[in-house]
Each structure stands twice: as C-alpha cells, then as structure tokens.
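Participant: Chains as they are written, first to last, in the working numbering: chain A, 1 to 443; chain B, 1 to 176.
For the record, the hints were derived by calculation from the structure and aren't laboratory data.
Keep in mind it's a predicted model, so treat the numbers as computed, not measured.
Don't take each hint at face value.
[Said to hold, decoys possible] Here are the simulated DSBU-like pairs of lysine-lysine, each with C-alpha atoms no more than 35 Å apart in a straight line:
#	chain 1	residue 1	chain 2	residue 2
1	A	K407	B	K74
2	A	K251	A	K190
3	B	K74	A	K251
4	B	K162	A	K269
5	A	K356	A	K407
[Claimed, not checked] Non-contacting residues of chain B with respect to chain A, defined by C-beta distances greater than 12 Å in every case (computed):
#	residue
6	P55
7	A62
8	I77
9	R78
10	L82
11	Q87
12	Q94
13	Q133
14	S136
[Unchecked claim] If the Cβ cut is set under 7 Å, some of the chain A residues that face chain B in the computed set are:
#	residue
15	Q205
16	T209
17	L215
18	Q245
19	Q246
20	K250
21	E305
22	A347
23	S348
From the three backbone atoms N, C-alpha and C, an ideal C-beta is built for every residue, glycine too.
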Amino acid sequence: MFNTRKAKPASKVAAMLLGFVGLWLVGISSVHAVIEIEITQGGESAIPIAIVPFGWSSSGSGSPPEDVAAIVSADLQRSGNFSPLNREDLIANPISGDIPRYGSWRLAGVEFLLIGSLQKSSTDYSVEFQLFDVSQQKLLTGFNFKVTDQTLRNAAHQIADEVYEEVLGIPGAFNTQIAFVSVEGSAREKSYKLQLADADGQNPQAMLTSPRPILSPSWAPDGIRIAYVSFENRNRSAIYVQDRQQGSRKKVISKEGINGAPSWSPDGKRLAVTLSYEGNPDIYVLNVDNGQTRRITTSPAIDTEAVWADDDTLIFTSDRSGGPQLYEVSSSGGRANRITFEGNYNASATVSSDGKNIAFVHGSDVGYQIGALDRESGLFLTLTDGALDESPSFAPNGQMVIYATEKAGRETLGAVSLDGSIAQSLSLDTGGVREPAWSPFTN
Amino acid sequence: MNKFASIAGTVLLSMLLVACGSNPPVPDEVDSSISGAVVNPVTIDGIDDGTLIDPDSIAGRAPKERVIFFDFNKSEIRPEYLDIITQHGRYLAQNPTGRARLEGHTDERGTREYNIALGESRAKTIARMLQLQGVSSAQLRSVSYGEELPVDPAHNEAAWDKNRRVNIIYEVEAQN
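The shape of chain A in the complex, shown without the other chains (with noise of 0.2 Å):
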C-alpha cells in the first residue's frame, strides 16, 4: 500500500502556518445525529492550493445536490497537508476543459489547482475533475465518475484521495469509514449504537442499536464484516461477527467467563480473542468458520487486547511485569517478547498497515494519552494530551490515528498525525462517542 513515489521535497513545501482554529458543521442534510469536526491544531508545512467551485450543468433547472468542490476542499484541509485557498480570494473561477492561466494561479501564491465539472443526466450524474501544477504549468491527473445521488459524496473523497496521493506520493484515506459506538439516553434506560459513519463524519448509520453494552469493533480486511462484544446476554458476554451490508450476524463465540478483545487477522479468517474459560484471560486465535480455537498464551496474569502485526505475529497487553505492556508474540504460540518500556502503563495497540508503526494507550502521571512506538527506530512519541484517551486505531494509510477522548465531560473522538503535529475531534451532538475504529480501504 505505502508508495512513496513523489515524495515532496521539503523545500517545495510551503512553510504556511494553519493559525486557525476552525470549526463547521457537517451533516445538515443527514437525518441522524450530527457530527461536528474541528480542527485543533494545523499542520506547519500545509501545501497551498485552489480548490474551484465545480461547473454545474443540468437538462433541467435546480442546483447540485452536493457542493463536490468544497467536500474536497474540506478532506484536504482536515489533513493538514493541505491549505486551500479561501473561496473568496480564488481569483478565477475555471471549471474542466479550461486552460488555467497559470502565471496568475502562480501569484496567487498557490502550488496546485483543482478544477471540475459535474453534470447530471436522467439518472445519475458525471464528475470530472483536473489537477495542475501550477509551478510546472502542467496537468497531473484527471478522471471522469459516473455517480448516483448516494455516490457522489463518496467521489468528491475519491477525489481529495487523487489528490492526495499525486502530490504526496501517499494513497489518501478520505473515502474510507469509521466504526464507532454511542451512548444516548438516562443511567436507567441506555441505548448502545455500534455505527459507521464515512470518515469526515458524514452519514452516520446504525448498525446494531442494543440497550446493552457493545464494545471493541473490529474491521474485516474486507470492509463489510465487523466483529464486536456485546453484553445482550446479562450473564455472559459473547463475540458476534456480523456483516454490516446483509444485516445478518453470527455468534462466533461465548465461553463461561472473557469473550472479549476481537481482531481480525489480514487474511480475514481468523479472530485473535481474549478467553477466560481457562482459568485467566489468555489469547486465543479463533477459526471463524469451524469455531475452533487455539490458546497462544497461557501466563497467569492478564493477557488480552490482541492485535495481528502480520499474518504471523500478534501484539498483546499482558501485565506479567506487574503493570499492563505490549509484547509481541508468534500467532501460533510460543515464547512472548515485551515491547514497550517506557513508563508503567503501555496497553491497547494498533498497528499501521506497514507495520513499521505502533499506536497504544501511555499512562503516566498525568493521565491516558495516545503513544506511538516506531519499531525500527524504538523512538517513543507522546501524541495526545487528553486525560483518559484510549482506544488508538491507525487509518489504513498510516497518517493519523483515531482515538476516543473526553472533552468538557463529554466523550468524543479525536484524530492526530503521526507526529503529533496535526489534530481534529469528532464529536456527536447527541450523546457520547467511544470505541473508534477505522476502516481499511474499501475500493
């Protein structure tokens, strides 16, 4: 997955910094509860360019149901990779099949130039768009979409992904989902949502709604099944597999005691899970078509939270050393290496899909924050600065990781760059959000 053909030469990048702190609303057209995202820290290296509003043309009257030149606009900026001029200061406004006067875009002060059209027929529409260099007067890419009325916010982000990866030489993750679960409603009567929402917060849909809890989402490889714990049987709690397109899911294991902590492995057939029935929590792998299972680990303490680094190796939590750090551990069993050893609380890895990176919650004097562990390297980064953040899950390219956080007493999401420079959060107008999980790449 990871290309890093392109990659921008440091000096190429202009040094703009993001000295906002924005915040809009998304969703005003979704029925469902609205998801606000705001941006909480910039990148210090954000790439400028100009985003044109996108031609317009219909057989009959009305105007375009989405606004495609500024969803991109706004996936690109939530980067922060990116600082797309201000509408008001474009000094043009080309759509495709222009010839941009590249002199002007130059002095303008801008890298790249993003132009489109969109054009709806009977039944569906027709999106195009170009990207320039403007310095090197010259089109990098350009694509034609055919698209329905639900497709079309889906390829505005394909869009901002193109654009991603022509400039950055990294596929974007824009057109991608996040699973997450809320909570709404009294101490007496709660109702639990396992949802999926696409990952600029848009479209926010139920997929399971239980008055009981849900917890640990975990994505497939193949992005439609998602498996997760739930507590609907009170004195037991079970992992479920359910595929979000059919509706339909399966229990896939309830043992007496733990049936927690599900992680798919990236051949998509096996769950690595946490089990108790054995006397203590322990990891097990789990053959998700015949049930069987196979214990990978057998110590005495608290073994769980397992996630796969390779088809090979899992990473656990495992408070054998006294408090709760990462070992890593052959998914077939055997002897376990510890791999954290800053600070007494390492627990709750995600692992980015090169695996040269991990993620995993840090616990110190000053709370939970989000850290990040480079293997190569062993240099250990505090990302976060929250108090209880938890539950870390990378975006399939590896650029940012999702967590769960509280803000003003209320739990929310936030996102950070792996380099902590970039932030945003995520948060539900209606009730808390917990337990992100990003998806891998849909396409």
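Given the coordinates of chain A, work out where chain B should sit on it, guided by the hints.
Facilitator: Relative to the frame of chain A, chain B by itself:
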C-alpha cells in the same frame, strides 16, 4: 485500490499526452465503481430485567450489603469488607439452592478490555472467598462489565471510588 490505481495510470498517461498540446484537457470516460456505504441495521430489544424479588425467597432474605468496593487497579479485598463477604458465604452455604451473580466493575481509567479483565479478577477474588466457606461453584457466576456500567458517570475521584466494585446479585429462583 489496485484496480483503481491502474485505471488512474492509464488516464494519467492519456491526460499528459493531451496536456502537451494546447487543447483544453478533456478526460477519458472512466467508469470507476464507486460504492457508498451500505448498512443493514440490527436492533436488539425485548431484554427483560425487571423481575420482582419475593422478600421471602432466598434472594429476598439474603444479606442486604451487596456491594464491595476496591482500590484503584487492585482486586484485593479491603479489610472492612471481609465481614460482609463472610455473611454472604455463610448464607449461600446454608442455602445451597441459592444462586449469586458476581458482577465485576472498574473505574474508567485504563483501557476498556484491560478493565474487563480487571473486573473479572475482582469478581473471581470474591468467588474464591465464598467457595472457601463451602459455597459450591455451581451457585456462583462471575461476569465482568469492566468500565461499561458506571454507577456515577462523572470523571473524578469520587465517581471512580463508587465505580470500582463488585455487585453481589442474588438470582431469582427458577429463572435461570
């Protein structure tokens, strides 16, 4: 993603060729398969919690102190609760048809799944003490909710003190 990338490559090439000339660039027609998120929801309901307890039943006559509190990150029993646990042990041993569910809970600090494990450890500590007094393992059931069901949802020491607990819940006869 790979398919998309290869399409991108083809289009890019043709675009670059076009861009070399002076004609305005017009993209090729590419039918990329964009799919929106499809979700088919599931709703769980009809869970019945409200069973009235007959005051003359085993559950109704059980010792009234039924919550044991714990120190942060610990599953050891604080000395002041030994007496309460002893009362329950004696009662369950004398009433072998009585059933109790031990619900372990933690405060919100630390990760959710680790707290599930910590809550279970608290429940099992009490289960072991009850069994030492002659309570049968068949009479007891341990379940941990970790930090999921706080008594007090506030984010402070006073709330955390109340949330680190094991609830001893007597199950109503002929229900399970």
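Participant: Which numbered hints turn out to be false for this structure?
Facilitator: 4, 20
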